[in-house]
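*Asks:* Below are the chains, spelled out letter by letter.
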Amino acid sequence: MIHCKSLCKKYGSVPALDRVDIHVREHKTTVIMGGSGSGKTTLLRLIAGLEPPTSGEIRYKEEDFVHMPRKRLYELRESMGMVFQYSALLNSLNVYNNVAFTLHEHTDLDEEVIRTIVTMKLEQVGLRGMEHLMPSELSGGMAKRVALARAIAMDPAIVFFDEPTSGLDPISAGVITSLIHNLTEKTHHTSVVVTHDVDAGLSIADHVVLLWQGCVIAEGTADDIRHSADARVKQFIEGSPDGPIPFSRSTTSYVEDLMHKPGTVRLAQ
Amino acid sequence: MNMAIAACGNMGRRFLRILCRLGDAATLSSASLSLVVNPPWQGRHIVIQMYNIGVGSLMIIALTGTFTGMVLALQGYYTLAKFGSESMLGAGIALAIIRELGPVLGAMMLTARAGSAITAEIGIMRVTEQVDALEMMAINPRARIIMPRIIAATLVLPLLIALFDLIGMGAGYIVGVDLLGVNPGAFIAEMQAKVTTHDINAGWVKAVGFGFLVGVICTYIGYRATPTTEGVGKATTQAVVLSSVGILILDYILTSFFL
Ligand SMILES: Nc1ncnc2c1ncn2[C@@H]1O[C@H](COP(=O)(O)OP(=O)(O)O)[C@@H](O)[C@H]1O
Ligand SMILES: [Mg+2]
Chain U
0 MIHCKSLCKK YGSVPALDRV DIHVREHKTT VIMGGSGSGK TTLLRLIAGL EPPTSGEIRY
60 KEEDFVHMPR KRLYELRESM GMVFQYSALL NSLNVYNNVA FTLHEHTDLD EEVIRTIVTM
120 KLEQVGLRGM EHLMPSELSG GMAKRVALAR AIAMDPAIVF FDEPTSGLDP ISAGVITSLI
180 HNLTEKTHHT SVVVTHDVDA GLSIADHVVL LWQGCVIAEG TADDIRHSAD ARVKQFIEGS
240 PDGPIPFSRS TTSYVEDLMH KPGTVRLAQ
Chain V
0 MNMAIAACGN MGRRFLRILC RLGDAATLSS ASLSLVVNPP WQGRHIVIQM YNIGVGSLMI
60 IALTGTFTGM VLALQGYYTL AKFGSESMLG AGIALAIIRE LGPVLGAMML TARAGSAITA
120 EIGIMRVTEQ VDALEMMAIN PRARIIMPRI IAATLVLPLL IALFDLIGMG AGYIVGVDLL
180 GVNPGAFIAE MQAKVTTHDI NAGWVKAVGF GFLVGVICTY IGYRATPTTE GVGKATTQAV
240 VLSSVGILIL DYILTSFFL
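Line by line, the protein sequences give chains U and V.
Going by numbering that gives the first Met the number 0, the first sequence opens with residue 0, and the numbers climb by one from there.
Going by numbering that gives the first Met the number 0, the second sequence opens with residue 0, and the numbers climb by one from there.
It is possible that part of the hints are untrue.
Unchecked claim - Simulated DEER-style distance windows between Cβ atoms: (1) U:Lys60 - V:Val207: 46 to 54 Å; (2) U:Thr250 - V:Ile252: 50 to 58 Å; (3) U:Ser239 - V:Val244: 17 to 25 Å; (4) U:Arg127 - V:Leu165: 50 to 58 Å; (5) V:Val46 - U:His131: 23 to 31 Å; (6) V:Val46 - U:Asp107: 20 to 28 Å; (7) U:Arg69 - V:Arg13: 32 to 40 Å.
To be verified - With a straight-line Cα cutoff of 35 Å, these simulated DSBU-like cross-link-like pairs (lysine-lysine) come out: (8) U:Lys60 - U:Lys9; (9) U:Lys233 - U:Lys185; (10) V:Lys233 - U:Lys9; (11) U:Lys233 - U:Lys9; (12) V:Lys81 - U:Lys70; (13) U:Lys4 - U:Lys70.
As the list claims (entries may be wrong) - Sample of chain U residues lacking proximity to chain V, with all beta carbon distances greater than 10 Å (derived): (14) Glu56; (15) Val65; (16) Glu110; (17) Thr118; (18) Met133; (19) His180; (20) Leu201; (21) Ser202; (22) Asp229; (23) Thr251.
FYI, nobody ran anything at the bench for these hints, they're computed from the structure.
The model shown is predicted, which means the values in this text are computed figures rather than measured ones.
Each residue gets a CB set at the ideal place from its N, CA and C atoms; glycine is no exception.
So that you can see chain V by itself, here it is in the shape it has in the complex (with noise of 0.2 Å):
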């Protein structure tokens, strides 16, 4: 019995503890996003942000969109050729892409790539007193680290992803019809006809909620870091667990929207 109640405690401070920790990204990003129209304007910063955030993330971005949109041409030929409609390959392949595996992916791999960065860097300006230097240098940290970092993954997000979208297409009809013989004619003219501007729609809205999400959670991770290496080493981690975590939960929100 008293086991059972301390149970219960136990989950009930745990979830207590979640709760704070929301509340408290909540309020922190929300005040730091709000200093974007507050002066200095720090358009400079978002974008050395943006560039530091999209180019880093080019190649890999690159390499799974390739991979995924050729393994799709073998999977979707292998069970379309059962029902004998290897011609639907190429909406297969776009509907799949456009609508689920770029953002996915596209977020994952920045959450690998840029935002474990995110969190490391701010996490080390932490520990160094940086951040506390900028502040005695009357720079307010949120409106120079955080909010430029939100912003700016918000944005890229969605161009990697449409890059994604695009070589994982490419590649997908390369294999489709170079390699397995699917007609050329059929792949794109399916293609055409089946994705429609809602499918489309439903893949950008799903790169901004992830960008700003893996923005939100990397910078605040980083952030409250605790200040010490171990910290730190942490932090990043946790960083890439949750938000990778967040986008497959929001992702499961966003498409039951979008059937």
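Bound-form chain U, shown alone (with noise of 0.2 Å):
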């Protein structure tokens, strides 16, 4: 559905993405994961056209993707919904209306229509009977539930998902995670979840995608990912500290920064 082909972005010279090339098929779960920082809420947001590539080419069904005219973009994203990282509710209004917010942008639909199927969505994700709720009265977890819903109002053919469990307790974060995995075995819709969740992200992948430091490192079904030879991946899926990839990000050695030596150093003034 949507093919990627050797896709960089560069943050001023720090390269975010480096020639990553990705296919998402269509009604498959496509599961995206990574340490922090390796890039996937990039890749995503790419994907998504809600930003340019440095370089590389996206298409979606054919179609170029980056030099799309804005309408035809816009016409696409009706059937597109993305659940963001922090949510992103609409402050200004509340829960029912950020559910309803495309039904009422999009659609022509009685209101009685509308709060059905709000209604519905909000059951889906576990929060029917908060529909007054302001965004600024949710938890984290729920805020990102009531995301979850909306993104999924209108039915969309895909669906976009940043750390759709981070945030929750293990309960919502299980019916999340089955809720995704039901959205492509049962509705056949397309699904982009980036995750560093591995135990739920390998029980819900149809094809899996591991970034490190903005390159693909492997790729392949969950049981592919779970056999790896590769040492990086065998690290990532067992989360040992000990392994290729370092914890620590820090170029300069700890000794001497910890002695202050001149010109390794700077302290905040």
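Two chains, two separate frames, one set of hints: put the complex together.
*Replies:* Following this line, the structure appears as structure tokens:
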């Protein structure tokens, strides 16, 4: 459904993504995994068309997604949903109006029908009865579930999830994970899920892409990843502190930094 | 020598950066404004913004209008009395308020009250990715966020300034006639005789120009704010400062056209 070829994204001179090729398959769940700062969010934003890549191409069903006219892009987006990492609910609207937002904007449905749809979507995320709350009155986890309800309100063909389960308690996380699973299994949506939750990610994935420092280091089915021989993949799956992926990102020597060697450390004024 | 070259270089870079920002502001604002003719029609959002900007600023406009009129009456009387022409007080107050003080002070108050709020609101929408969320929900944020606010500010400021003028002249009348004892007939008659349509038009043109300026500056700076808490704070300050300076500069330019 979406083909990306040698995508690069630089912020200033820092590369966030480096020649990434991925293929999002229709009616399947593609899971993008990687440590924090590995470029997952950046990749998702590129695929969703929120930011242009520095170089490389993105094709959405054979259409050039990068240079697409805005009008066509918005047409496509009416069948896309996105759950942002920090929910991004519209602050000025209550839960009901947030979930109903796209329905109000893009359909001519009666309020009665919209109310029914919103109730169904909120029930799916376990928040029926919270319609009147404002985003500021929600906990992080609740806001995320509202964001999910909003993303699927129009029954989009493709849904993007940025860390859908981070910040949720285990039960909510389980519910959300199975909800995402059902989206593709039962109703044949296409999902792209960004997560660093290995177990949840692997359990719902039809296809896994593992990112490290902006590069794809492994790709395949969940089983391929579980049984990968690559030491970096193994370390990530097992979450072990020792391995080829360093925990610390620093390039200078720890001892030298501690000694305040001039030239290696600049203390904040 | 080297230092002089470096200083020139720095100045040049600053100048180029300012030019870049100006160009960016012009393109973003004109692109946003051109969306007013594109479907979907955003009329409802323009009205909502007019309400937010206008009604929120009523109180402060009334308050500043009152005291401006009152102090003008005192100062005007003091000066005019030296020439024995207290009867001109009404004309003096009216001309000063309609041509100059109403538009400038009204626009400043709009900046302080509504402009800063616009910048902060848009900046926070950026920080919390609400702008991206709109974009993902196939709503053009420039048509939904920027354009209605610029139009609303442009339409609302003339109304607020009209109110400012009215209240200011009323307050001037009370102080001049009731407190200082200027002849009420002379006060009104001179006012009517000396204020021409030309003066009133000058006031309207300034009001529209300032409203547009405040709308463009405050939306642009909010939209391009660095998406951090600190960035939004800085942007808000910057929007208020730039709008205020902009108002005074534009005021000089427009006044020179309307002499
Ligand atoms: N707007 C931005 N400006 C500058 N650097 C950014 C920006 N967004 C992300 N980055 C950098 O790109 C890298 C990848 O970030 P991100 O995609 O958010 O990682 P992840 O979601 O995997 O944690 C990080 O090193 C981050 O510092
Ligand atoms: Mg992220």
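*Asks:* Do the beta carbons of arginine 69 (chain U) and arginine 13 (chain V) sit within 32 to 40 Å of each other?
*Replies:* holds, 33 Å
*Asks:* Does 17 to 25 Å hold as the CB distance between serine 239 (chain U) and valine 244 (chain V), or does it fail?
*Replies:* Given about 59 Å between the Cβ atoms, the range is violated.
*Asks:* Is lysine 81 (chain V) close enough to lysine 70 (chain U), meaning Cα to Cα at most 35 Å?
*Replies:* At roughly 68 Å apart (the allowed maximum being 35 Å), lysine 70 (chain U) and lysine 81 (chain V) break the hint.
*Asks:* State, for the Cβ atoms of valine 46 (chain V) and aspartate 107 (chain U), whether the hinted interval 20 to 28 Å holds or is violated.
*Replies:* Holds - the Cβ-Cβ distance for valine 46 (chain V) and aspartate 107 (chain U), about 21 Å, lies within 20 to 28 Å.
*Asks:* Going by Cβ atoms, does histidine 180 (chain U) stay more than 10 Å from chain V at every point?
*Replies:* holds, 22 Å
*Asks:* Take a quick look at threonine 118 (chain U) and tell me if its Cβ sits farther than 10 Å from every Cβ on chain V, holds or violated.
*Replies:* Its Cβ never comes within 10 Å of chain V, the nearest being 20 Å, so this holds.
*Asks:* Between lysine 60 (chain U) and lysine 9 (chain U), is the straight-line Cα distance small enough, at 35 Å or below?
*Replies:* Roughly 26 Å between the alpha carbons, so the hint for lysine 60 (chain U) and lysine 9 (chain U) holds.
*Asks:* Does 46 to 54 Å hold as the CB distance between lysine 60 (chain U) and valine 207 (chain V), or does it fail?
*Replies:* For lysine 60 (chain U) and valine 207 (chain V) the Cβ distance comes to about 48 Å; the hint holds.
*Asks:* Is it true that valine 46 (chain V) and histidine 131 (chain U) lie within 23 to 31 Å of each other by Cβ?
*Replies:* Between valine 46 (chain V) and histidine 131 (chain U), where Cβ atoms are some 25 Å apart, the hint holds.
*Asks:* Any Cβ of chain V at or closer than 10 Å to threonine 251 (chain U), or is the non-interface label fine?
*Replies:* Threonine 251 (chain U) is indeed farther than 10 Å from all Cβ atoms of chain V, at 26 Å.
*Asks:* The output says serine 202 (chain U) does not contact chain V. Does that hold with a beta carbon cutoff of 10 Å?
*Replies:* Answer for serine 202 (chain U): holds, closest chain V Cβ roughly 26 Å.
*Asks:* Does the Cβ-Cβ separation between arginine 127 (chain U) and leucine 165 (chain V) fall within 50 to 58 Å?
*Replies:* 52 Å Cβ-Cβ, so the 50 to 58 Å window holds.
Violation of the numbered hints given earlier is confined to hints 3 and 12; the remaining hints are satisfied by the structure.
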